[in-house]
Structure formats: structure tokens, C-alpha cells
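Q: Listed below, chain by chain, are the residues.
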Amino acid sequence: MSAHAPILALGERPLLPEGTTFNDLTETIAGITETKAPRGWWMLFLPSLGLLGLLTAAIGYLVTMGVGVWGNNAPAYWAWDITNFVWWIGIGHAGTLISAILFLFRQKWRTSINRFAEAMTVFAVLCAAIFPGLHTGRPWFDYYLFPIPNQMAMWPNFKSPLMWDVFAVNTYLTISVIFWYVGLIPDLATLRDRSKNLLRRRIYGFLALGWRGSHRTWQHYERAYLIFAAISTPLVLSVHSIVSFDFATSVMPGWHTTIFPPYFVAGAVFSGFALVLTLMLITRSVFKLHKVVTLKHLDLMNKFMLATGIMVGYAYAMEFFIAWYSGNPYESWVFFHNRLGWGMTDELGNWGPLWWSYYAMVSCNVLAPQLFWFKRLRTSIPVMFVVTIFINIGMWFERFVIIVTSLYRDFLPGSWGSFEATWVDIGLYLGTFGLFMTLFLLFIRWVPMIAIAEIKATLPHAHPHHDDHHAHEPALAPAE
Amino acid sequence: MSAETKKGTKPTPDTWRITDADDFWSKTALRAAGVLTIVGGLLSVFGFMNDPNRFGYAYLFAFFSVATLVLGGLFYVIALHFTGGHWGITSRRIAETAASGAAVLLVLSLPLFGGIMADKFDMYDEWMAHGPHAEHGEESGHEAPAHEAESGAEEHGSLGLFGGNVAHAQDTRTTKRLRYDPNAPLVHTPQMEAAHHRVLEHKSGWLATPYWYIRALVYLLLWVFMGMFYHRNSIKQDEASEQGRLDLALKMRKHSAWMAIAFGLSLTFASFDWVMSLEPSWYSTIFGVVIFAGSGVAIFALLTVVGISLHTRGLVGDAISVEHFHDHGKMLYGLMAFWAYVSFSQWMLIWYAGIPEEAIWYHKRWGFGWSFWALLLMVGHFALPFFFFMSRIIKRRLGLMRFTALWLLVMHICDVYFLVLPQAGAFSLRPMDIGALLFCGGAFFLYFAMTLKKHSLVPVGDPRLERSLTLTQSY
Numbered sequence: 000m001s002a003h004a005p006i007l008a009l010g011e012r013p014l015l016p017e018g019t020t021f022n023d024l025t026e027t028i029a030g031i032t033e034t035k036a037p038r039g040w041w042m043l044f045l046p047s048l049g050l051l052g053l054l055t056a057a058i059g060y061l062v063t064m065g066v067g068v069w070g071n072n073a074p075a076y077w078a079w080d081i082t083n084f085v086w087w088i089g090i091g092h093a094g095t096l097i098s099a100i101l102f103l104f105r106q107k108w109r110t111s112i113n114r115f116a117e118a119m120t121v122f123a124v125l126c127a128a129i130f131p132g133l134h135t136g137r138p139w140f141d142y143y144l145f146p147i148p149n150q151m152a153m154w155p156n157f158k159s160p161l162m163w164d165v166f167a168v169n170t171y172l173t174i175s176v177i178f179w180y181v182g183l184i185p186d187l188a189t190l191r192d193r194s195k196n197l198l199r200r201r202i203y204g205f206l207a208l209g210w211r212g213s214h215r216t217w218q219h220y221e222r223a224y225l226i227f228a229a230i231s232t233p234l235v236l237s238v239h240s241i242v243s244f245d246f247a248t249s250v251m252p253g254w255h256t257t258i259f260p261p262y263f264v265a266g267a268v269f270s271g272f273a274l275v276l277t278l279m280l281i282t283r284s285v286f287k288l289h290k291v292v293t294l295k296h297l298d299l300m301n302k303f304m305l306a307t308g309i310m311v312g313y314a315y316a317m318e319f320f321i322a323w324y325s326g327n328p329y330e331s332w333v334f335f336h337n338r339l340g341w342g343m344t345d346e347l348g349n350w351g352p353l354w355w356s357y358y359a360m361v362s363c364n365v366l367a368p369q370l371f372w373f374k375r376l377r378t379s380i381p382v383m384f385v386v387t388i389f390i391n392i393g394m395w396f397e398r399f400v401i402i403v404t405s406l407y408r409d410f411l412p413g414s415w416g417s418f419e420a421t422w423v424d425i426g427l428y429l430g431t432f433g434l435f436m437t438l439f440l441l442f443i444r445w446v447p448m449i450a451i452a453e454i455k456a457t458l459p460h461a462h463p464h465h466d467d468h469h470a471h472e473p474a475l476a477p478a479e
Numbered sequence: 000m001s002a003e004t005k006k007g008t009k010p011t012p013d014t015w016r017i018t019d020a021d022d023f024w025s026k027t028a029l030r031a032a033g034v035l036t037i038v039g040g041l042l043s044v045f046g047f048m049n050d051p052n053r054f055g056y057a058y059l060f061a062f063f064s065v066a067t068l069v070l071g072g073l074f075y076v077i078a079l080h081f082t083g084g085h086w087g088i089t090s091r092r093i094a095e096t097a098a099s100g101a102a103v104l105l106v107l108s109l110p111l112f113g114g115i116m117a118d119k120f121d122m123y124d125e126w127m128a129h130g131p132h133a134e135h136g137e138e139s140g141h142e143a144p145a146h147e148a149e150s151g152a153e154e155h156g157s158l159g160l161f162g163g164n165v166a167h168a169q170d171t172r173t174t175k176r177l178r179y180d181p182n183a184p185l186v187h188t189p190q191m192e193a194a195h196h197r198v199l200e201h202k203s204g205w206l207a208t209p210y211w212y213i214r215a216l217v218y219l220l221l222w223v224f225m226g227m228f229y230h231r232n233s234i235k236q237d238e239a240s241e242q243g244r245l246d247l248a249l250k251m252r253k254h255s256a257w258m259a260i261a262f263g264l265s266l267t268f269a270s271f272d273w274v275m276s277l278e279p280s281w282y283s284t285i286f287g288v289v290i291f292a293g294s295g296v297a298i299f300a301l302l303t304v305v306g307i308s309l310h311t312r313g314l315v316g317d318a319i320s321v322e323h324f325h326d327h328g329k330m331l332y333g334l335m336a337f338w339a340y341v342s343f344s345q346w347m348l349i350w351y352a353g354i355p356e357e358a359i360w361y362h363k364r365w366g367f368g369w370s371f372w373a374l375l376l377m378v379g380h381f382a383l384p385f386f387f388f389m390s391r392i393i394k395r396r397l398g399l400m401r402f403t404a405l406w407l408l409v410m411h412i413c414d415v416y417f418l419v420l421p422q423a424g425a426f427s428l429r430p431m432d433i434g435a436l437l438f439c440g441g442a443f444f445l446y447f448a449m450t451l452k453k454h455s456l457v458p459v460g461d462p463r464l465e466r467s468l469t470l471t472q473s474y
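If you're matching them up, the sequences are chains D and Z in order. Residue numbers for the first sequence follow numbering that gives the first Met the number 0, beginning at 0 and rising by one. Residue numbers for the second sequence follow numbering that gives the first Met the number 0, beginning at 0 and rising by one.
Please note that a few of the clues may not be correct.
Pairs of lysine-lysine, DSSO-like flavour, derived with a Cα cap of 30 Å [to be verified]: (1) Z:Lys253 with D:Lys295; (2) Z:Lys26 with Z:Lys235; (3) Z:Lys329 with D:Lys295; (4) D:Lys374 with D:Lys195; (5) D:Lys302 with D:Lys287; (6) Z:Lys253 with D:Lys107; (7) Z:Lys119 with Z:Lys452; (8) Z:Lys329 with D:Lys455; (9) Z:Lys250 with D:Lys302; (10) D:Lys374 with Z:Lys235; (11) Z:Lys253 with D:Lys302; (12) Z:Lys119 with Z:Lys453; (13) D:Lys107 with D:Lys374; (14) Z:Lys202 with Z:Lys9; (15) Z:Lys9 with D:Lys374; (16) D:Lys374 with Z:Lys453; (17) D:Lys290 with D:Lys374.
Where chain Z lies over chain D, by a calculated footprint (3+ residues, C-beta under 8 Å) [as the list claims (entries may be wrong)]: (18) 146-153; (19) 230-241; (20) 324-330; (21) 403-416.
One-sided excerpt, in silico: chain Z residues whose CB lies under 8 Å from chain D [as the list claims (entries may be wrong)]: (22) Gln190; (23) His196; (24) Val198; (25) Arg214; (26) Leu245; (27) Leu247; (28) Tyr351; (29) Ala373; (30) Arg463; (31) Glu465.
What the hints contain is simulated information worked out from the structure, not anything from laboratory work. Don't be surprised by glycine CBs; every beta carbon is placed ideally from N, CA and C.
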């Protein structure tokens, strides 16, 4: 134990406040699902339902009228729809990173946020799936996406990365749901055992799959958890890599570049962490979770965002450098003219219509996280809240920049166009927030939003030799 | 001396050391490295006299292989400091020693840059000839100055911006340097030549010689500085007082932040300048990441091989034990898979889009005798180890683990060979390739073994040392 006690001189701090007991954690976390919802919850839930209504209306209108009601046009064939799809898929990645990759790296601090982030993964992937589903134009034929044997012998094009995406996203969703659920089982059993009425006990009892907490069940559980973490790790990299292939396999300047796969993965984790943190800050204050999600956790998450933000910045820099270095005039046109706006003035002296989106992207994604170099800013709640919002916006713009500013002025000046979003574009995007937030808010009310069993393992009492020595020393949790 | 610390006694800088009692690390390894360096040096000299241009490629390959080991060492040390990870502390000294080998790299770079300056190596001539000083000669077509005549012809022999055989009629006098079937029909139109020329002209500012040399010097000095910084401070920490150790730990952590960025950028641009530019019209944004992944494989393979040797000889006791090798194995496995992921991404995207300027690079690596080498890497650097090395059992059996690490180290060197040598033409593994590798690798290893012997094998001054000593694998 002593070796793992935080070395205060090196700035290490225990994860959870001193003196936290197992019971404190159970009471705090399980209590959220057992007591009346605080007013803050309702203040979020009702608008979310409203936005969900907007989503339904927008989808209904779109399906009735056809995709022409979007701002998409020739040459901007892809626009908000695919931007939103990539953005939402990216949001999901933080969940898998936290639950699987940080698990494999033995990062115990993940236990305060993993459940929360995993749930977000599932909901974000659902929101993402709406967009390409609608973009097919006739969503009632979406089953054509799957290779179902049919009498016409018609098969999807297996050579298309769009097809790979169907498989990748579906696999990812399936594994994420199972992984999430497996992790939930011991906590559902806790809720079952604490239930005061029969219905509640029956429902949680059914969902807990007969969990008894015996040594054998724990052993199976731990093994399954490790295997799912090992499967999810390559999966999460593959999903966003394949999303990036949707663009990078083309010959479109601004789309075709080899760094796209790791760059998209880093960007996805970056944006996912930002949204996890935005929502975590709100939830933490609504449900008073300050002792479970401490400043230490928030600090670590901000460091992660700084690191991934720099990786994304590296990818931007490489794209620019190579756009110039390649000597490929189309490539440099897209980067220096469409994106930076150099020399894009028309006869009236106006810059190209969308130049500002690139600057929005860089300031939000590369400049804003640099504040996190400073510990004082990294541990300031208002600063981190604002920065995460910036990152969320910036990462949306990143996809918009990639998609629209590459497409709308391409090889043939005669076919140049522009893009303007319609109310249906905006309504659908806002509407998916409604879907996401509704599911998310229901989740925090009915399911333990922090992994009770896992977080307890970070307490000093969980250490088998905790009571052996150092009885007089203050009990400090391992600093990991 | 190398006995394990008894419980309760604090390890001192003398606890884990290479002593004269150990024949291998105190004598045999040094002698072997010395002999290999000399043999490699002789082979190199013969190679150089026989075919200086071809030797340029061989030497670049050897030099860059060693560079990836140094870079890998820097990565390990810097990453361990800024993440505060404790799992790898006990083997950090080995990585620090490898990283401080940047000084050897600086010395090894002299023949390379000297050869280029003296116009003995022609691998960069295609764009160097487009530098400001040679512009006139290029403009006036084929009346290049005498010392550039050969390299000028070589330029046309290479497959530039366009697929197909661009051998020029004039090139027949340098057939030994022609890279492609001289009987193939000529597809070298004046327009193509002009376009190719335009691309090289465009980037001549970046690749032109004075700046190129200055940048190389900057990268190397930066690596020397970073390598020395961590090696020196870590050794100072061994002897320091309790407070001194904490201060040094904080200092090393503080500097790891900017160094991580400087490391990433210098690695990327060094690989652009030295390797990507061998095919001057080729470009790939992921190239730096591919080199980074390879460097990661290299250092974890080296750490494992050296660590297991020290462990089995009883020189480090259990300070570096099976628990640590298990973690090295996981990292090695992960980085190997990451290397495959980024290499596959690069290849797949270029293959799928089929843009000639990009596809040319793989064109030279598939055919002309290189196909089997590409397959060797696919199977040996990924498919086989991916399945063989997945199991926990392999990572915890020292014999198997050592074999796998050695295998991946060899595969990594094969990978560097594949990055460099296809640019020299059809596949031919020559004694000078082996010679250059033995020379550079031997010199590096000689330094490595000598430096390892001088200091404690484990950074005993690290405040988190005990955590690393008591590391156990929970899963």
C-alpha cells in the first residue's frame, strides 16, 4: 500500500476524498435512482422532450418531402447530414476509450466516468445512425444496406467504404451495448437488493440476471470484462478509421490524405471527452456528485483533451504542409483558398463564403485547449466548461470544413456552388440532441450512472493488505 | 553485488550493476560489438569503393535504423515522465541509455552528409539538382555541369511524377543505374518532364541543400540534447538526496511536455527530409506516424531483449522481472499492431485512390524483386506475431518473449530496409547493406553497452521506484 500512496511532493493526490467509505459511494450513486428527481433534472428533461418532438417533426417532413428540403446541392452533395453523422459517431468514441482502452492501461481514475461515458456512446451512435439512414433518400429501403440474399441477386457494393461503415458501426453498436450491459450487472443487483417495492425488485432482479456476487460470478464477470475491453479496443479504432475512409479513399482534394484514419480517431476521442465533460459538469452539480467525480478526475480529463487536441493540431499541420509540399495544385487550392480564404475574393472583393469555418475550427480545437497547459485553468470549473463547449463546436466545424469546403469549390470552376443550411438541417441536428438528452436523462435516473462496484476498488480499503500496516497513517487511495 | 535488495533495505546505485564477474556484459558484448563495427566498417569501405551511389542507400538504411532506436528510446523516456507511469521505471535506464545514443547518431551522420556533400551519394540528387545553385543547369536542359552530368541522367532514369517507364534515350550510357526495364516503351513526353520539373521546382525551397543540412543538424542536436538531458538527470537522481530526487523528478516531468512536442515534430520532419524525399514527388501525411510506430516497436523490442538478458544473468534481480516483461510485451504487441494499422492505412488509401504521384512509391515496392519483401513484412511484422504473440503465456515465458522481441527487432530493420532500398532500384541484398548495418548498429551497441556498464542498471533515485519494483499484473 505504501508504495502506492500518493507522493504529495510530486503533486499526486488521492482520487477520492480521504475517509470515503464503501457505503458513502453506494448511497450517493444508488440514491440518485431511488429518490425524487431534483428540479435541475426536470429543467433539462422537458426541453429535451421538446427537441425530441422537433426531431420527429423534421424527420416526418423530410421523409414526406424528400431530401431536397436539406441545403445539400450540387456540388455540396454531402453537408450537415454527414457532418452530424461523423460528429455523433466521434462523440461515442470517448466512451469506449474510457471503458476499454483506459482499462487495459490500468487507469483506475476511469471508474468515476466510465459508465456515464459508455451510456453516451450507445446514445450517440443511435443519433449518428439517423443521418446516413435518412441520406439514402428512401429510408424505407435502408435494408438494402445489408447483404440480404434476394431474388434479384442484388448485393451492396462491398468495395465501397460506405458499405464497410455499415458493418463497422453496427458491430460497434452491438459490442458497446453488450460491454455496457455486462459492466452494469453487479450494480443492477445492488439496486435490486436495495429495492423497497416488489415491482422495482422484480425489474432490477430480471435485469441483474441472477447475480449473487459469489466468487465464481465475479471471476466470470472479470474475465468477460477483460475480453470485451480487448475486443472493443481495435473496434473503436476501426470505426472512426472506416468513417475516415468514406472520405480518404476518394481522389477529392481535402479528403484524400493518408493521415485521416488516426487523425479521425484522435479527433473523435477529443470531441467525445469534451462532451462527456460538459455533461459531467452539469450532472455533477445537479446531483451533487462532487465527492465522487473530483477535481482530480476533471484535471485528468482536461489533460487528455490537451493531448488529443495537440494530436489533432498535428494532423491539421501535416495536411497543410503536405498540401504545399506535394506540389499538387488542387490540394493546395483546397487548403489555401477554400479553407484559409487566401485569394478567394470574387469580383466584388468578398472572400469565399465559408472561409470563416476553418478559423472557427482551429481556434476552438487547437487554440482553446492550450489553456489546459496551466493547472489553475485546468482545475477551474467555469474555464473547463467553456473550453469543452468550444471543443464541441470546433469538432463539429472540423467535419463541416472537411466535407463542405472540399466539395463546394472543386476541380471545375464552372460547377462551383455554395452551401446554406435550411431549417430542416438545423432542426434535425438540434432534434438529435433531444433524442440524446432524453435517453441520457432517463439513464441517469434509472441506472447507476457511476460504476459502483468498480469505483470501490479504487478505495484504500479495497486493497487486501490495507489493514495490515500503517494503521496510524491516514488512509489514502492509490494515486493512479 | 547484483543480489536482490532485501525487504526493507533501500536500493543504492550499486545494487544493480554490471560487474566484472559477468563476462557477457563486461567483456564479450563489448568485444563482439567492436569486432562487428570493424567488420562492418571494412565491408562498408569496400562497398563504397565499389559503388558509392548504392552505398549511399545502404548507409542511409543503417543510419536510419539506429535513428529509430534512439527515437524510440526518447519516446519511452519522455512518455513515462509526462504520464507519470510507474510500470516502466525500472527499465527506464536502458531506454535512457539508448536515447543518449543520439550522440553516436550525430557522429554516424557525418559519413552520410559528407557523402552527399561530396557528391558521392546521389540519392537526393533529383531534387538537390533543383536547388537554387543548380537551377541554371536544369533550365538549360541536358547541358548540366560535368559533375552533375551523371546525376542529371540518373534523374531521368527514375520514375518521377508519372507511372510507366520514363527512361530517357540519353540514359543508355548509365544503364547500370536504370531502375526499370530499359526495353519498355518510352512514355517520357516533354510535357511530363515539365510537370515533374514544376513539382520539384515548387518544393526546392524546402529541399534545397543549405536548409536541408541545417534542419538535419537541428534534429540531431535536439535529440542529443533531449537524450543527454534525461540520461544525465536520471543518473544525478541516483545519487541525490531525498529532496533532490523529488526536485529532479519534477524537473524531468516539467520538460517532458515541450519535449514531447519537439520530439514529434523532429521525428516527422526528419523522416520527411531523409526518407520520404528519396522519392521527391511522393508524399504521405501519415508518414511520420508510420516511422513513430516503427520506432516504438524498435525500443520495446530492444528493452525486452536487453532486459531479459540482464534479468537471466542476475544483474537486476527482480527489479526487471517477468511482470515488467509482460507489460513490455503488451506495449510491443500494441505498437506492432499500431504499425500495421498505420502502414495498412497508408497503403490502402493510396491503392484505392490510385493517384500516380502517390502510387509510384508502392509501385517501386511491388515488383522488381521487392514483392516478397513486402509479403515478408505483412506476414512477419504483423500476421504471425499478431496471433503468436497475443497470448499472455508468451509474454510471461522469457524464452518465447525474447524470441518474439528479437524477431520484431529484425522485422523492424527489414521495414526500414523496405522504406529506403527500393529507391535504389531492383532488389539486391548486398554485403554493403549488411556491412553498413553492422557498422552503425555495432557502434551504437558498443556505446550502449559501455554506458550501461558505467551506471546503475535501474534508476534507483526515482521517487516512484518502489511502485515499479512491486509491480504485479492484475490482468
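Q: Now tell me, hint by hint, if it's right for this structure.
A: Here's how the hints hold up against the structure:
no. : hint                   : in the structure
1   : Z:Lys253 with D:Lys295 : holds (19 Å)
2   : Z:Lys26 with Z:Lys235  : holds (26 Å)
3   : Z:Lys329 with D:Lys295 : holds (27 Å)
4   : D:Lys374 with D:Lys195 : violated (45 Å)
5   : D:Lys302 with D:Lys287 : holds (24 Å)
6   : Z:Lys253 with D:Lys107 : holds (23 Å)
7   : Z:Lys119 with Z:Lys452 : violated (38 Å)
8   : Z:Lys329 with D:Lys455 : holds (26 Å)
9   : Z:Lys250 with D:Lys302 : holds (19 Å)
10  : D:Lys374 with Z:Lys235 : holds (28 Å)
11  : Z:Lys253 with D:Lys302 : holds (14 Å)
12  : Z:Lys119 with Z:Lys453 : violated (39 Å)
13  : D:Lys107 with D:Lys374 : holds (21 Å)
14  : Z:Lys202 with Z:Lys9   : violated (58 Å)
15  : Z:Lys9 with D:Lys374   : violated (33 Å)
16  : D:Lys374 with Z:Lys453 : violated (39 Å)
17  : D:Lys290 with D:Lys374 : holds (20 Å)
18  : 146-153                : violated (count 0)
19  : 230-241                : holds (count 3)
20  : 324-330                : holds (count 4)
21  : 403-416                : violated (count 0)
22  : Gln190                 : violated (15 Å)
23  : His196                 : violated (11 Å)
24  : Val198                 : holds (4 Å)
25  : Arg214                 : violated (13 Å)
26  : Leu245                 : holds (5 Å)
27  : Leu247                 : violated (11 Å)
28  : Tyr351                 : holds (4 Å)
29  : Ala373                 : violated (17 Å)
30  : Arg463                 : holds (7 Å)
31  : Glu465                 : holds (4 Å)
Comparing the model with each numbered hint stated earlier shows that hints 4, 7, 12, 14, 15, 16, 18, 21, 22, 23, 25, 27, 29 do not hold.
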